[in-house]
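Model the full structure from these sequences, guided by the hints.
So you can see what is in the structure, the chains are spelled out below.
Protein chains: 2
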Amino acid sequence: MPDQEKHFKMKDLLLGKALKNDEIKDEKLNLKWGLPIMASDAVSSVAYAIEEILLVLVPVLGLLSVHYLGIVALPIIILLIVLVFSYSQIIDHYPNGGGSYVVSKGNLGKKASLIAAAALIIDYIMTVAVSISSATAACVAAVPGLLGYQVPIALIFLSLVTLMNLRGVKESAKVFGLPTYGFILVMAALITIGLAKFLTGTLMPIEYAPSVLNSLPTSPAGALTTIAMVFLMLRAFSSGCSALTGVEAVSNAVPSFKQPSQKIAKHILYCLAGIIIFIFGGSVLLATQLGVIPVDGHTVLSQMGAAVFGTGPMYYILQFMTAAILLLAANTAYNGLPTLLAILAVDNYMPHRMAQRGQKLSFSNGILFIFFAAGGLIFLFNAETHKLIPLYAVGVFLSFTLAQTGMVVKWMKDKEPGWKHKMLINAFGAAMSLIGVIIVFTTKFTAGAWMLAIAIPVLVLLMQSIQKHYQSVADDIVLKPAEAREIYKPCSSQDNNPCIVLGSSFSRPFLKALNYANVVSRNVTVLHISTSDAGRESFEKLWREAAFPEQLVIIDAPYRDILPPLEDYIDKKQSELVNDEFLTVVFVKFISNQVIMDNILHGQAAYFIENRLKKYNKVASFVIHYTYNRKGRNERNKMKDKSGF
Amino acid sequence: MPDQEKHFKMKDLLLGKALKNDEIKDEKLNLKWGLPIMASDAVSSVAYAIEEILLVLVPVLGLLSVHYLGIVALPIIILLIVLVFSYSQIIDHYPNGGGSYVVSKGNLGKKASLIAAAALIIDYIMTVAVSISSATAACVAAVPGLLGYQVPIALIFLSLVTLMNLRGVKESAKVFGLPTYGFILVMAALITIGLAKFLTGTLMPIEYAPSVLNSLPTSPAGALTTIAMVFLMLRAFSSGCSALTGVEAVSNAVPSFKQPSQKIAKHILYCLAGIIIFIFGGSVLLATQLGVIPVDGHTVLSQMGAAVFGTGPMYYILQFMTAAILLLAANTAYNGLPTLLAILAVDNYMPHRMAQRGQKLSFSNGILFIFFAAGGLIFLFNAETHKLIPLYAVGVFLSFTLAQTGMVVKWMKDKEPGWKHKMLINAFGAAMSLIGVIIVFTTKFTAGAWMLAIAIPVLVLLMQSIQKHYQSVADDIVLKPAEAREIYKPCSSQDNNPCIVLGSSFSRPFLKALNYANVVSRNVTVLHISTSDAGRESFEKLWREAAFPEQLVIIDAPYRDILPPLEDYIDKKQSELVNDEFLTVVFVKFISNQVIMDNILHGQAAYFIENRLKKYNKVASFVIHYTYNRKGRNERNKMKDKSGF
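First to last, the protein sequences are chains E and F. Residues in the first sequence are numbered from 26 upward in steps of one, following our numbering. Residues in the second sequence are numbered from 26 upward in steps of one, following our numbering.
No lab work stands behind these hints: they were computed from the structure. These numbers were taken from a predicted model, which means no experiment stands behind them. Don't take each hint at face value.
Which copy? The list can't say, so a pair holds if one copy fits it or any two copies do.
Listed below are the simulated EDC-like cross-link pairs for lysine to aspartate or glutamate, each with C-alpha atoms no more than 16 Å apart in a straight line [what the hints assert, rightly or not]:
#, residue 1, residue 2
1, Lys45, Asp586
2, Lys493, Asp372
3, Lys283, Glu48
4, Lys45, Asp558
5, Lys45, Asp581
6, Lys505, Glu570
7, Lys514, Glu575
What follows is the structure, given as structure tokens:
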């Protein structure tokens, strides 16, 4: 049906040509383009993980902090490996995606699965809001003239990422994939060159101005109690875990990959883990050798870049790629969340339209949901990253914990070969993730994480009530063919169902309605609701002259609003119906081809009438469209169209 | 029909009990309450006219200015008397109100009348915006804590005045009438006591600080050329003419008065003139004796009050009443403009709804129009009076000029007894008004009056295009009984008009639609538009099992949007219709009693379908309402309702 295309206009310009259902296979991702989409969130987190760890350590340990970087980084890398193992199992067992929601649903029950879903929804939205806000902050830092315009800039960025994603998975993968690969390459260069310089003895530790050094604490680590030290390390650990937030997304997005999708998803997961370990581990090593500490207005990554690359073009490429990857971190959420929402919609927990594919076969309603939710957050929090961060990362740890606990339960139920080892690994991962949840939640509680303690239960309740609504509708409308045959009434010409034609003026549109009414019913009454004496008299006079056989009923609307007397009349008429009879109300919607003229110059009585009639279960609205003909009578006479319309 | 009232809710709370058409006589104004409504604008102008005149004179003439007050005031009073004469003639000859619009229409032609109408509409709106902004400024001056909240305060005032007017003429007259009488009384006291003190030699001229006096020019009047002096006087004259702006309103509002309405209108006009002459003339005399000059932050009226009353309670009453009258000046426009708009609507120049009377028999749409237009101006101009004033007063002079020119033409045509004298008076008034237009327009041109040179023609064009639209609609739809008999088709059971039932799923709502379709047509086709293979297969299977006799047509929507294939199908079906046949499309609107649930959780396909079907002239929408039953199947079984709905 190629002339289908004549119907599309503005939408096509923005989104490109619509895709047919059977073109979906071309929209699926292979390893090459799937990897950067899934990696952008994780890799961008790495860019900041070292800084996050040092921000926890330096105020306590001063210059000694870098020596503890490795101690903190190792458990993060171990947790990553456990998570990769765990999610690769999840991908194997749940080929339709959904990650921790699906795992929890199968093994921990509905409630746990909804908590996982709520936590993930919030975390994905936060990821988008935080990464867009960070990218905006980077832009404003580079171009101070933009200061004060953060919110509009952030919303423009958000719109661009949204639009690209609405244009389809394949297209956005290519646009957003290249910068991700670029960032990975420049980080690889940083680490390789840095470590090569270190090995050849040409890497110099960064020297800080005395003013910076004097601001650092001088107490040695030994001065801390063991408990304080453990707690400090745990906090640093949970801060650094931001490096892991992209892992869940792969398992959510399994259906987005080409066949064999599970295999591709696992390959992506392994590559992702390799990249994270290389970049995160390498950066930690390099940072340790450089003795880097966070300084206001100069990120750790930028300091490391300057120390390794000097101030040549490579340094600027690193800076540019860092800004780009922050923006693209949002893109991972655009692939994970809509898939999750679609799975929830199929389970009746989200509006069904979340499961509908849009013009480009992406889950466009889910993408728009991200746009509005993240846009709302950016607006509410003024695009300020530090206000948003406390709300972030709790959700992803919660979903890790639930997913791995779910897997533990699954191993215990299914007892697959080798289940004991697998169970132990997952139990360990669950415990580490739980530590993450507890630490992040408690340390950030007053800074805003308390909102999650409200938002997650509210979201769970909302999803439950949506499910309840859909379930009760389905119970109501479902119909088996046998039942249908009982209810079905074949065509008969004996019916006597009453039909009311509303006539506000004796005019051509009214007569069109009357003629149509006479076709569909053998029991037509004309109803004129009078708002003024003059109107009633004019209608009555013309009606009498025309001398039509239908009964004319005139009722007064002394308060000039025709709806109340109309409702009273319909109430009465409906109550007089017997058995299966129903009442048809015929009225005219007056149409001209000028929308503004229609709405301003003509009363919209038809819309209000229809809206009032909705409540009557045995009343049907028969809407006649009268299209006003600008040339009017003259043209009609020329055309000699006897029907007159 | 007393149980009519059960339908009203929120609206009643805001507006009070609805009034019946025949209660309109109780809503008309008598002299006692009509006078203050019509006077509030005029009288409040007087409060500022002296200040306006002095603001023109003092920068040139310094302390000598007060001696010229009388020279400027006299022509203003003469013009007022001419206007009163002229408008009392207009009221006599045009009993249905409308003022200069109606006079111009009858004597100068359509174009002139539309210019007068446009000028008046703009001027009324400006009056509201300026007076509300001035009242706000007075409040903020009294309570500096409100600084920065001018726009919301002004909008609250505007809402209150609007709401009172929506509650009906009678009610607002009493609420707004008393403060107007209060202001008139306190001004009378000021003038009487002031002049009595002068006569007894106890009135002391106001003494100004040397800093004020030094800032004044010292050149005597003789130093000015005659032309400069004339021009100065003319400017002062046109500034002072703000005292006359309320006169036109009486003639616009004739239909709002009790019978005999023309007589009451004329009495109001005479009383109004008397009050203006007394207050304006008296204040000028008093100001001359006091040697008052405008000083920053201390209005002329307030200085006069302090000089006459001292700082006792009377002074504060004067200040309070001045603030109140500023707010109420808006009220005159609320009575003049809606009547004018209703007259224009009857002439097809404004949307017809402007002529409909609302719940309380006021022209509520006109009142709401003032609210939105003045609210928009307040918002755009930040409730700052000095930015609004240049747009003000041109319109009213223009309408004075046109009204009196129109009367001149009328006298020349009709040649009533004594027409020559009357014509001369009107010609003199027209000339003086024209001087006002020219001076106000030229002196304020760059400050914003240029906008009127755009706004008035735009408004005229808009009114003309509205009239053209209504005229061409009327040409199209008007139908004589004889023509109606030709077009009319009586009920027949032989019809074969096709009917299409849209079935998206095989469900209870679909079967309800099918049954209704079989009642209204003997030629039913079921159309399933398929967006997914799974949906199509399920529908086909159930349909086959049910084995109904209707034809099933299945078409694909490969782009998942059902509307384009539906339109293609209807296009084809409509083109196949012969003679007077028409096509009925039956579809279900799914209703639950929760509006939010309806809109978020269920697709609104029915609304989109109906919207697309509008364009087909030979297609009628038959809308079946299926009200979802929360209790569902169980309740139905209990009720044993065979029809199943």
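Checked hints:
1. Lys45 / Asp586: between (49 Å within a copy, 10 Å between copies)
2. Lys493 / Asp372: within (11 Å within a copy, 56 Å between copies)
3. Lys283 / Glu48: within (12 Å within a copy, 75 Å between copies)
4. Lys45 / Asp558: between (59 Å within a copy, 12 Å between copies)
5. Lys45 / Asp581: This pair counts as between: shortest inter-copy Cα distance 10 Å, intra-copy 55 Å.
6. Lys505 / Glu570: Answer is between: at 9 Å across copies they meet the 16 Å cutoff, but 53 Å inside does not.
7. Lys514 / Glu575: between (27 Å within a copy, 12 Å between copies)
Comparing the model with each numbered hint stated earlier shows that all of them hold.
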